[in-house]
Amino acid sequence: MRVLPHVGSFGPASPEEILRPARPWFVLLSLLIGLLANLAPVSGVAMTWRPDFLALVLLYWCIQEPRYVGVGTAWVVGLLMDVGDATVFGQHALAYAVLAYGAEYFRRRVLRFPLWQQAVQVAGLLVLCALIVLLVRFVGGAPPPGWRYLVSPLVGALLWPLVSVLLQTPQRPSRSGSRR
Amino acid sequence: MRPITVDPPAFFNRGPSPLARLAFFGILSLALLFADTRYRYLENVRQTVAIALYPLQRALEMPGAAFAYVSGYFGANRRMADENATLRQELVARAPATQGYVREQGENARLRALLDVRTQYAPTAIAVQVLYAGRDPFTQKVFVDKGTSAGVQAGAGVIDENGVVGQVTRVFPYMSEVTLLTDRDQAVPVQVERSGARSVLFGNGTGRSPELRFTSPSADLRVGDRLVTSGLDGTYPPGLAVAQIVDVVRDSGQMFARIFCKPLAGIDHSEFLLVLSQSAALPARPEEPGDVDALKKGGRARGRRG
Chain A
1 MRVLPHVGSF
11 GPASPEEILR
21 PARPWFVLLS
31 LLIGLLANLA
41 PVSGVAMTWR
51 PDFLALVLLY
61 WCIQEPRYVG
71 VGTAWVVGLL
81 MDVGDATVFG
91 QHALAYAVLA
101 YGAEYFRRRV
111 LRFPLWQQAV
121 QVAGLLVLCA
131 LIVLLVRFVG
141 GAPPPGWRYL
151 VSPLVGALLW
161 PLVSVLLQTP
171 QRPSRSGSRR
Chain B
1 MRPITVDPPA
11 FFNRGPSPLA
21 RLAFFGILSL
31 ALLFADTRYR
41 YLENVRQTVA
51 IALYPLQRAL
61 EMPGAAFAYV
71 SGYFGANRRM
81 ADENATLRQE
91 LVARAPATQG
101 YVREQGENAR
111 LRALLDVRTQ
121 YAPTAIAVQV
131 LYAGRDPFTQ
141 KVFVDKGTSA
151 GVQAGAGVID
161 ENGVVGQVTR
171 VFPYMSEVTL
181 LTDRDQAVPV
191 QVERSGARSV
201 LFGNGTGRSP
211 ELRFTSPSAD
221 LRVGDRLVTS
231 GLDGTYPPGL
241 AVAQIVDVVR
251 DSGQMFARIF
261 CKPLAGIDHS
271 EFLLVLSQSA
281 ALPARPEEPG
291 DVDALKKGGR
301 ARGRRG
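The listed protein sequences correspond, in order, to chains A and B. Read in the working numbering, the first sequence has 6 at position 6, and its numbers run on one by one without any break. Read in the working numbering, the second sequence has 199 at position 199, and its numbers run on one by one without any break.
Be aware that a few hints might be false.
[What the hints assert, rightly or not] Anything over 12 Å on all C-beta distances counts as not near chain B; from chain A, calculated:
{"id": "1", "residue": "27"}
{"id": "2", "residue": "36"}
{"id": "3", "residue": "71"}
{"id": "4", "residue": "75"}
{"id": "5", "residue": "100"}
{"id": "6", "residue": "165"}
[Said to hold, decoys possible] Ranges between beta-carbon positions, derived for each pair:
{"id": "7", "chain 1": "B", "residue 1": "287", "chain 2": "A", "residue 2": "139", "range": "33 to 39 Å"}
{"id": "8", "chain 1": "B", "residue 1": "20", "chain 2": "A", "residue 2": "120", "range": "27 to 33 Å"}
{"id": "9", "chain 1": "B", "residue 1": "78", "chain 2": "A", "residue 2": "144", "range": "26 to 32 Å"}
{"id": "10", "chain 1": "A", "residue 1": "141", "chain 2": "B", "residue 2": "268", "range": "20 to 26 Å"}
{"id": "11", "chain 1": "B", "residue 1": "220", "chain 2": "A", "residue 2": "120", "range": "54 to 60 Å"}
{"id": "12", "chain 1": "B", "residue 1": "266", "chain 2": "A", "residue 2": "24", "range": "44 to 50 Å"}
{"id": "13", "chain 1": "A", "residue 1": "139", "chain 2": "B", "residue 2": "173", "range": "27 to 33 Å"}
{"id": "14", "chain 1": "A", "residue 1": "26", "chain 2": "B", "residue 2": "66", "range": "23 to 29 Å"}
{"id": "15", "chain 1": "A", "residue 1": "26", "chain 2": "B", "residue 2": "232", "range": "46 to 52 Å"}
{"id": "16", "chain 1": "B", "residue 1": "220", "chain 2": "A", "residue 2": "147", "range": "36 to 42 Å"}
{"id": "17", "chain 1": "B", "residue 1": "232", "chain 2": "A", "residue 2": "120", "range": "52 to 58 Å"}
{"id": "18", "chain 1": "B", "residue 1": "266", "chain 2": "A", "residue 2": "147", "range": "43 to 49 Å"}
{"id": "19", "chain 1": "A", "residue 1": "20", "chain 2": "B", "residue 2": "153", "range": "51 to 57 Å"}
No wet-lab data here; the hints were simulated from the structure. Note that the coordinates shown come from a computational prediction; the quantities given were computed from them, not determined experimentally. Beta carbons: idealized from backbone N, C-alpha and C, even for Gly.
Could you build all of it, start to finish, from the sequences and the hints given here?
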């Protein structure tokens, strides 16, 4: 039998590795950290490069634990984001709800791919999320933000492997338990 | 043969389908969007959630502040950093004086006393610190650390040591939102220091310089002219530095010249700001004659912007 090289170490879980169910408090904590990361004060060039951490965390849980996190959770979290950002009420809520739906739709397929290929599909979802926000603002009369607007979702997609490894680490079976 | 029951056992039952949920929450979001942009019904909800988020946001500054301290003042001792902070706070508190604002006000007070006019302007100001910049790429906003509890009022002008930064547009109990003068919806009535010509400086949105709109090509404006507040709106006291003209494009085919300006204040990097108090009482707006509907409409649209 093939020995799994990564078991118990820091690295992506292979598809045949069975993850333990996530603890609800960990899901909540990660969402909270994602929200805080989004609200963290930055300025200047970092504004362009800053990815939407909350969307990434939401996406991970929608794919990995759809029983805990789904469209409803995404919507509530989006409302918090709207208040934190002082933007139009419901803008992030709508975008995150669509994101969660997309994740739920694609989750069975996405999980079969290696992480960097997942990142490509995640990029699509994040860009969709950004475009919904853009559409909402356009209707509200905002000027076009320029191509830099798409940098943030793409950076987010690049971070996907890191975020998924970080978030799945607590669910991985311990080394002693997975010896075969 | 007995037919199989259609209902799945409770174990598999997961409530409404994702699509149904999406439709429900999507419609709810659209309703919220509409209610918020159209009628501003939701300010109370926003205030409540903002209070709940406030401790988290304050907690967030700690690592940021620690990082700034370590990276910015690496090698310097703590006392110097503290002294620097207090000095900068003092500097911004004295900003009006450096801009000749106090002197003019004293002069004004003497003249007013002569004319026996009651003082219209209460020069109390609140020093604030920028918490974070708004994340929304469509608007230009910063959040500062004092709100209604410290007496900040929506609509108050905000300056730093070099000039006008913007205007308070929304107040929460412990913080307030300042719209910068580069925001697309922000307008500041200004006056050219050299010639005294009045105009209005309009923000142009992220990454574009603000501009003096509706200026005739023959207007006496030159590159390098300083613009100061004219004080006509009652928000900013007259004489505060606002911007400098960096480019004048006169195209004979166009009805107006395009005049681009560079804000003088540290719009995107000032850490300490000063919130000016609202001028106490402006005389009531005179009754307008009924036949100038067009004029009236224009006036209203501008009023909403402020």
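Now the hints, each set against the structure:
1. Its beta-carbon lying about 17 Å from the closest one in chain B, residue 27(A) satisfies the requirement of being farther than 12 Å from that chain.
2. Here residue 36(A) does not stay apart from chain B, with its beta-carbon only about 6 Å from theirs, under the 12 Å limit.
3. A beta-carbon of chain B comes within 12 Å of the beta-carbon of residue 71(A); the shortest separation is about 4 Å.
4. The Cβ of residue 75(A) does not lie farther than 12 Å from every Cβ of chain B; its closest approach is about 4 Å, which violates its non-interface assignment.
5. At roughly 8 Å, the least C-beta separation between residue 100(A) and chain B is not larger than 12 Å, which violates its mark as non-interface.
6. Distance check for residue 165(A) against chain B: the nearest CB is about 22 Å away, which clears 12 Å, and the non-interface claim stands.
7. The hinted window of 33 to 39 Å between residue 287(B) and residue 139(A) holds, with their beta carbons roughly 37 Å apart.
8. With their beta carbons about 29 Å apart, residue 20(B) and residue 120(A) fall inside the hinted range of 27 to 33 Å.
9. At about 46 Å, the CB distance of residue 78(B) to residue 144(A) disagrees with the hint of 26 to 32 Å.
10. The given range of 20 to 26 Å is respected by residue 141(A) and residue 268(B), whose C-beta atoms sit roughly 23 Å from each other.
11. Between residue 220(B) and residue 120(A) the C-beta distance comes to about 58 Å, which sits within the given range of 54 to 60 Å.
12. One distance hint, 44 to 50 Å for the beta-carbon pair residue 266(B) and residue 24(A), holds here, with the actual separation near 45 Å.
13. Look at residue 139(A) against residue 173(B): about 31 Å separates their beta carbons, and that is inside 27 to 33 Å.
14. Remark: the range hint 23 to 29 Å for residue 26(A) to residue 66(B) is upheld by a beta-carbon distance near 26 Å.
15. Taken as a hint, the range 46 to 52 Å is violated for the pair residue 26(A) and residue 232(B), whose Cβ atoms sit roughly 57 Å apart.
16. Restraint check, residue 220(B) to residue 147(A): a C-beta distance of roughly 39 Å satisfies the suggested window 36 to 42 Å.
17. Taking the beta carbon of each, residue 232(B) and residue 120(A) are about 55 Å apart, inside 52 to 58 Å as hinted.
18. Hint check: residue 266(B) to residue 147(A), Cβ distance near 27 Å, so the stated range 43 to 49 Å is violated.
19. Between residue 20(A) and residue 153(B), the C-beta spacing of about 54 Å keeps the proposed range 51 to 57 Å intact.
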